[in-house]
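Asker: Sequence:
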Amino acid sequence: MALLIISPSLINGGHEFQSIEFINELYKTRKSIFVSCANSFFYENINISEEDKEIFEYPQGGIIDLFCSFNRVKKHLKTHIHGVTDVLICGGTIEVIIFYSHIIKSIDKKIRVIGYVPMVVDKKILRPVLGTVQNYVLKILCGKVDEIITINKIQSYLFNVFYNKKTLVLPNKLKKISCVTSDYGFRLIYCGRLDNVQKNIIELIFMLDRINNPVKEFIIIGDGPDFQKILEISNKTRNIKVKIIGWASEEDINSILGINDILIMNSRWEGEPLVIREFIDRNLPVISRDIPGVRGVTLRKYRYNNENELEEILNNHVGRFEVKKQIKEENIMRMRSRVIAIITGRI
Numbered sequence: 001m002a003l004l005i006i007s008p009s010l011i012n013g014g015h016e017f018q019s020i021e022f023i024n025e026l027y028k029t030r031k032s033i034f035v036s037c038a039n040s041f042f043y044e045n046i047n048i049s050e051e052d053k054e055i056f057e058y059p060q061g062g063i064i065d066l067f068c069s070f071n072r073v074k075k076h077l078k079t080h081i082h083g084v085t086d087v088l089i090c091g092g093t094i095e096v097i098i099f100y101s102h103i104i105k106s107i108d109k110k111i112r113v114i115g116y117v118p119m120v121v122d123k124k125i126l127r128p129v130l131g132t133v134q135n136y137v138l139k140i141l142c143g144k145v146d147e148i149i150t151i152n153k154i155q156s157y158l159f160n161v162f163y164n165k166k167t168l169v170l171p172n173k174l175k176k177i178s179c180v181t182s183d184y185g186f187r188l189i190y191c192g193r194l195d196n197v198q199k200n201i202i203e204l205i206f207m208l209d210r211i212n213n214p215v216k217e218f219i220i221i222g223d224g225p226d227f228q229k230i231l232e233i234s235n236k237t238r239n240i241k242v243k244i245i246g247w248a249s250e251e252d253i254n255s256i257l258g259i260n261d262i263l264i265m266n267s268r269w270e271g272e273p274l275v276i277r278e279f280i281d282r283n284l285p286v287i288s289r290d291i292p293g294v295r296g297v298t299l300r301k302y303r304y305n306n307e308n309e310l311e312e313i314l315n316n317h318v319g320r321f322e323v324k325k326q327i328k329e330e331n332i333m334r335m336r337s338r339v340i341a342i343i344t345g346r347i
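Just so you know, we're using UniProt numbering here: the sequence shown kicks off at 1 and counts up by one.
Keep in mind that a hint or two might mislead.
Stated by the list, open to error - Think about it this way: if two alpha-carbon atoms lie no more than 20 Å apart in a straight line, the pair counts; the simulated DMTMM-like pairs of lysine to aspartate or glutamate are:
#	residue 1	residue 2
1	K176	D281
2	K31	E50
3	K105	D86
4	K328	E54
5	K31	D65
6	K75	E44
7	K241	D226
Hints in this document: simulated from the structure, not taken from any laboratory.
Remember, predicted model here, so these are calculated numbers, not experimental data.
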């Protein structure tokens, strides 16, 4: 064994699905891999022999919560370090990567630590003053990380700016999705996790609940910690009908969607939402708040910074939206093959 892969998340979201794809591709190329993960879904979907994977009770929470479990996790990971030259940490945030990098380097400073993380989250977005300090502290703590793998060139640039890290770009893998055929008229669609801190859905409902909004129906597909709060707000709208469906399978989503639907996202930060590429693959247009994580997958004229710009987009383009062209599949696979060749070539 030369490569240890750690995936400590209990959540099975977009980045975890991509991590499974990445690990399976790595294992096809090089068998000297051991995977330590936190949940049974992840464990069952990595195509690796039973003796080369495990489930361990990894700590969850913020960086302070994580460091409270430092010694317990270190003791466990020590049992897997013999013969390891590289450790790949699959995490949704830089804090996760930092925590495990400090553990690994405390065991053996010679081991190369690679973080696979989808995005930079600028802490100033939520806390302008404190966030500046947090960004600076995280940059210092990131010193134990040797390399970052991220999902696009924009995030690669941001990792260099925020953390002064060299990066490899591993584009997300997307399976082919069928186009929709039904027509339910013009509707706005949100599809994803109902987490208002990141996704900013409550503000979006208020922005859409305006008399000058030409689209009168907003469908929310998903679930999450703020489901009830969003449901209560959606029941009080006056100028737009909001319907919350809950989680749906890909097949169910295709039956829900129509040819005139428009995906809308109001997130405060993103890496590169898979849902955007999935809607584009269905030949459906996308409107989004203008944040770095969506700029590579959305058209500039459909990005907004405030409710007036959003209203202008809707009034000027409903009925004649364009769909952004996707990166060619062969280009994505070539970029992925390059990263896999670099990683497996070291071990």
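Asker: Does each hint fit the structure? Answer for all of them.
Answerer: Outcome of the hint check:
Between K176 and D281 the CA atoms are separated by roughly 7 Å; this keeps the pair inside 20 Å, and the hint holds. Pair hint K31 plus E50 holds up; C-alpha atoms about 13 Å apart against a cutoff of 20 Å. For a cut-off of 20 Å, the pair hint linking K105 to D86 stands: about 11 Å separates their Cα positions. Annotation: proposed proximity of K328 to E54 is violated, straight-line Cα distance about 36 Å (limit 20 Å).
Proposed proximity of K31 and D65 is contradicted: the alpha carbons are some 34 Å apart, above 20 Å. Taking the CA atoms of K75 and E44, the gap is near 25 Å; set against the 20 Å cutoff, the hint is violated. Our distance criterion of 20 Å between C-alpha atoms is met by K241 and D226, whose separation comes to about 19 Å.
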